[in-house]
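S.K.: Given only the sequences and the hints, what does the whole structure look like? Please build it.
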Amino acid sequence: MTITRRDFIRSMALDSAAVAAFTMFPGISFAGWKPTDLSSDSIQWSKTPCRFCGTGCGLLVGVSGKRAVAVKGDPNCSVNKGLCCVKGYHSVQVLYGRDRFKTAYVRKNGKMVPTPIEKALDLVASRMKESIEKTGKDSIAIYGSGQWSIPDGYTASKFFKGCIGTNNVEANARLCMASAVTGCLTTFGLDEPMGCYEDIDNADVFITWGNNMAEMHPVLFSRMLANRKSKTHVRIIDLTTRSTRSSQAADKSFIFNPQSDLAIANAICYEIIKNNWVNQDFVSKHVSFYKGKTHIGYGTEDHFKFKDKGEAVDFNAYKEFLKDYTPEIAEKISGVSAENIKYLAALYGDPEKKVTSFWTMGMNQHTRGTWINNLVYNIHLLTGKISTPGNSPFSLTGQPSACGTVREVGTLTHKLPHGVVMKEKARKLAAKIWGVPESNIDPKPTYHTVEMFRALDRGEINFMWIQVTNPMVTMPNLRRYRNGAKKDGRFIVVSEIYPTPTSDVADVILPSALWVEREGFFGNSERRTQHNEQLVPKPGEAMCNTWQLIQVARRMGFEKQFPWKEDSYIEDIWNEYIKFHDTPKHRMAPYKLLRERSGVQWPFVNGKETRWRYNGKYDPACRDDTWDFYGKPDHKAWIWLRPYEPPAESPDREYPFWLNTGRVLEHWHTGSMTRRIPILHRAVPESYVEINQEDAKTLGVVNKSLVKISSRRGSVVMKVSINGRGNPPKGMVFVPFFDESYLINEVTLDAFCPISKQPDYKKCAVKLEKV
Amino acid sequence: MPIFSFLAYPKKSMKDQLIRELSAMKYCEIKASENQDVLILLTDTPDEKTNKNLIDSIKELKSLQSLSMTFGHTDL
Ligand code: SF4
Chain R
0 MTITRRDFIR
10 SMALDSAAVA
20 AFTMFPGISF
30 AGWKPTDLSS
40 DSIQWSKTPC
50 RFCGTGCGLL
60 VGVSGKRAVA
70 VKGDPNCSVN
80 KGLCCVKGYH
90 SVQVLYGRDR
100 FKTAYVRKNG
110 KMVPTPIEKA
120 LDLVASRMKE
130 SIEKTGKDSI
140 AIYGSGQWSI
150 PDGYTASKFF
160 KGCIGTNNVE
170 ANARLCMASA
180 VTGCLTTFGL
190 DEPMGCYEDI
200 DNADVFITWG
210 NNMAEMHPVL
220 FSRMLANRKS
230 KTHVRIIDLT
240 TRSTRSSQAA
250 DKSFIFNPQS
260 DLAIANAICY
270 EIIKNNWVNQ
280 DFVSKHVSFY
290 KGKTHIGYGT
300 EDHFKFKDKG
310 EAVDFNAYKE
320 FLKDYTPEIA
330 EKISGVSAEN
340 IKYLAALYGD
350 PEKKVTSFWT
360 MGMNQHTRGT
370 WINNLVYNIH
380 LLTGKISTPG
390 NSPFSLTGQP
400 SACGTVREVG
410 TLTHKLPHGV
420 VMKEKARKLA
430 AKIWGVPESN
440 IDPKPTYHTV
450 EMFRALDRGE
460 INFMWIQVTN
470 PMVTMPNLRR
480 YRNGAKKDGR
490 FIVVSEIYPT
500 PTSDVADVIL
510 PSALWVEREG
520 FFGNSERRTQ
530 HNEQLVPKPG
540 EAMCNTWQLI
550 QVARRMGFEK
560 QFPWKEDSYI
570 EDIWNEYIKF
580 HDTPKHRMAP
590 YKLLRERSGV
600 QWPFVNGKET
610 RWRYNGKYDP
620 ACRDDTWDFY
630 GKPDHKAWIW
640 LRPYEPPAES
650 PDREYPFWLN
660 TGRVLEHWHT
670 GSMTRRIPIL
680 HRAVPESYVE
690 INQEDAKTLG
700 VVNKSLVKIS
710 SRRGSVVMKV
720 SINGRGNPPK
730 GMVFVPFFDE
740 SYLINEVTLD
750 AFCPISKQPD
760 YKKCAVKLEK
770 V
Chain F
0 MPIFSFLAYP
10 KKSMKDQLIR
20 ELSAMKYCEI
30 KASENQDVLI
40 LLTDTPDEKT
50 NKNLIDSIKE
60 LKSLQSLSMT
70 FGHTDL
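Order-wise, the sequence lines are chains R and F.
FYI, in numbering that gives the first Met the number 0 the residues of the first sequence are 0 to 770.
FYI, in numbering that gives the first Met the number 0 the residues of the second sequence are 0 to 75.
Keep in mind the hints are simulated off the structure, nothing from the lab.
Since this is a predicted model, take the numbers as computed values, not measurements.
Treat each hint with caution, since some may be false.
[Stated by the list, open to error] Using 20 Å as the maximum straight-line C-alpha spacing, the simulated DMTMM-like pairs for lysine to aspartate or glutamate come out as follows:
no., chain 1, residue 1, chain 2, residue 2
1, F, Lys25, R, Asp6
2, R, Lys284, R, Asp627
3, F, Lys51, R, Glu685
4, F, Lys48, R, Glu575
5, R, Lys352, R, Asp200
6, R, Lys251, R, Asp98
7, R, Lys292, R, Glu319
8, R, Lys718, R, Glu739
9, R, Lys729, R, Asp651
M.R.: What follows is the structure, given as structure tokens:
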């Protein structure tokens with residue numbers, strides 16, 4: 000049977016409604032009508048990872064003619080087992096927005112003029128050369144993304160670090176995952192979670208720390224709910240600063256004061272020790288204790304520098320340190336009752352219960368982000384609940400390849416694909432694989448993201464290439480950085496698919512090929528690498544980001560380092576890249592296998608994926624069949640003594656409210672893609688400010704009233720939402736950041752964790768005025 | 000040429016009326032559930048303006064309790 004594209008879309012529309020109806024009314028029937036069998040010959044279905052969140056759901060994309068027309072969940076992908084969320088189901092529509100960039104643009108006399116892409120690439124290369132000649136290699140920079148495909152990030156790193164010799168390479172994952180990285184590195188010596196999503200099927204208790212999984216990781220949340228439904232004893236506890244959809248679904252929800260998770264985590268450990276719930280055997284064999292620096296600052300000033308130093312201490316010193324965190328003291332700091340803190344400790348401490356902790360931005364976007372990551376690891380290490388099925392401290396990733404492209408490839412100023420620029424051994428390996436002199440790779444890191452945009456503002460950087468990310472919406476204290484990017488003498492190149500506030504400040508716009516318009520790889524939260532092939536043609540002159548970089552590198556004289564042919568460069572890059580990780584601690588799957596399977600987890604050793612790292616029962620890199628935290632020289636995981644310290648800015652008389660920002664289910668980050676998908680746009684057409692009912696009454700506002708939210712840095716006027724999908728406690732407001740018409744980041748503060756350099760988007764002080 | 004689908008919920012005891020009214024409207028196709036008070040509504044209009052007008056008129060139906068969108072495609 001041949002069906003037209005229109006018939007096909009009508010069938011998809013009916014089927015989507017039927018799926019929604021079946022979900023809401025199990026057993027529902029529609030007289031004489033059954034959902035269509037979409038396995039028509041005219042539709043070719045191919046696997047790909049979803050291009051939105053870091054869950055990494057496997058999708059099957061249906062292509063009819065030369066167009067992607069439909070999506071269904073990939074039943075062969077262990078991540079989602081055929082399920083998707085609303086973003087995934089509608090994801091192919093992101094390819095076909097009307098205002099898609101299909102040609103390059105160059106700014107001439109203040110106007111963006113369509114330009115053949117080869118000419119635009121010539122200009123990019125010549126402006127890069129000019130900057131390097133006039134102001135030095137460190138006056139140019141590249142700012143990429145956790146939405147970069149792995150070959151994009153790898154090529155950027157090789158080009159900038161290996162060929163040009165500047166460490167001015169950063170990616171937006173600095174804004175979302177950096178504290179998770181430094182948390183892993185300081186505790187375990189190696190990055191990325193030790194567990195996998197199978198923990199969700201095995202845990203008895205889930206404790207979510209400041210994350211709204213129901214909206215941010217909906218497929219994993221459903222998997223958690225399915226586990227609870229199938230076993231009556233399973234419990235979900237939501238620790239949060241505002242009530243969300245996740246709170247509604249949890250068995251218990253405890254609201255804590257912003258930043259006070261530090262005190263709660265320490266108090267849980269205090270209780271575990273006090274009640275003899277410590278797994279003594281595990282701790283004595285596999286754990287060391289360290290104390291770091293305190294009063295470490297907030298990075299709000301330019302050129303801020305901080306370096307932590309661990310000092311070895313013993314268990315008694317740790318016990319002594321925890322005396323400042325009795326549940327009663329923690330109650331005063333956090334607002335969570337001592338009784339509830341003891342309840343949490345009892346769940347973690349019960350040797351019969353397998354516990355998984357999940358977190359995302361609440362813990363990572365935190366001026367003590369590294370510390371709170373360390374402290375949650377402390378709980379799992381004290382109880383030995385780690386690296387076994389169901390026992391897992393698990394940092395979930397926001398972006399589809401924050402792990403794959405940023406954490407694994409190392410597209411951050413201090414990193415190389417293996418190791419850090421400061422280490423000679425790592426530079427030697429990179430130079431050898433890249434075919435460049437070792438002296439090319441600078442041993443000194445330069446700017447982390449916030450400081451990189453400050454350097455652009457100050458003029459130390461005068462050329463910046465931004466690929467597939469939208470910093471002119473997402474940078475905190477945005478006004479400073481937007482004004483900086485617009486200053487005379489700055490040259491900004493933006494590789495994008497749609498117009499954004501970032502492409503508005505560009506001197507050159509390069510049209511990017513997106514997702515299934517090119518071949519690539521993503522890496523999800525659970526160390527799973529997922530390959531996608533090109534399924535549809537690129538629109539107009541759109542070009543894969545990797546190929547854009549290669550074209551410019553060749554124009555700058557690096558043909559030898561980028562010799563690949565257009566029909567096989569992605570495979571060639573993969574084969575070169577995996578040489579960096581060729582040890583049992585991080586071996587990646589071969590290209591051929593990745594093409595076949597719906598994702599493969601690393602370390603991939605002797606033909607097998609490693610589900611749980613650091614446990615010899617599952618991880619062949621361990622010395623024996625027990626735990627081996629081989630990332631640290633002493634083969635032990637480190638418990639850190641990290642105190643509670645207040646946030647950079649707290650409400651006061653003039654600015655009496657906390658401002659918290661974040662996402663909503665329907666929109667991906669700054670909405671540049673999802674706002675072009677009709678169903679997602681219509682579901683949440685504009686941003687809003689959530690206000691507690693009592694505060695709304697005091698202010699004299701009702702739903703949809705306008706209020707002005709102001710901080711010391713800027714203000715925005717937007718509509719009020721009371722008792723909507725989220726409900727902040729009295730004294731806090733929450734604003735989703737997806738809507739470029741309301742630039743809430745003009746209000747936020749550019750304070751960051753001094754160790755990870757990740758900004759805190761969850762806490763600053765604002766005032767509200769009725770408009 | 001927008002195509003949308005919705006779950007349409009009738010007001011109490013007004014399911015039959017909602018079925019009749021929607022069936023009579025141009026550009027609408029419905030699948031009524033036989034055991035629940037809900038209808039699947041498919042709209043397939045020639046342009047965005049017609050689509051908007053159609054949705055506005057549907058929302059004015061006295062027999063309609065609420066409409067929730069489940070699929071949307073505008074660019075064919
Ligand atoms: S949960 Fe994330 S990866 Fe899965 S379909 Fe939704 S957006 Fe895509």
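S.K.: Does each hint hold? Answer for all of them.
M.R.: Structure-based check of all given hints:
1. F:Lys25 with R:Asp6: Since the Cα atoms of Lys25 of chain F and Asp6 of chain R sit roughly 18 Å apart, the hinted pair holds (cutoff 20 Å).
2. R:Lys284 with R:Asp627: At roughly 9 Å apart (the allowed maximum being 20 Å), Asp627 of chain R and Lys284 of chain R satisfy the hint.
3. F:Lys51 with R:Glu685: 18 Å, holds
4. F:Lys48 with R:Glu575: Roughly 53 Å separates the two Cα atoms, so the pair is violated.
5. R:Lys352 with R:Asp200: 13 Å, holds
6. R:Lys251 with R:Asp98: Since the Cα atoms of Lys251 of chain R and Asp98 of chain R sit roughly 45 Å apart, the hinted pair is violated (cutoff 20 Å).
7. R:Lys292 with R:Glu319: 17 Å, holds
8. R:Lys718 with R:Glu739: Status holds; Cα separation ~14 Å.
9. R:Lys729 with R:Asp651: 14 Å, holds
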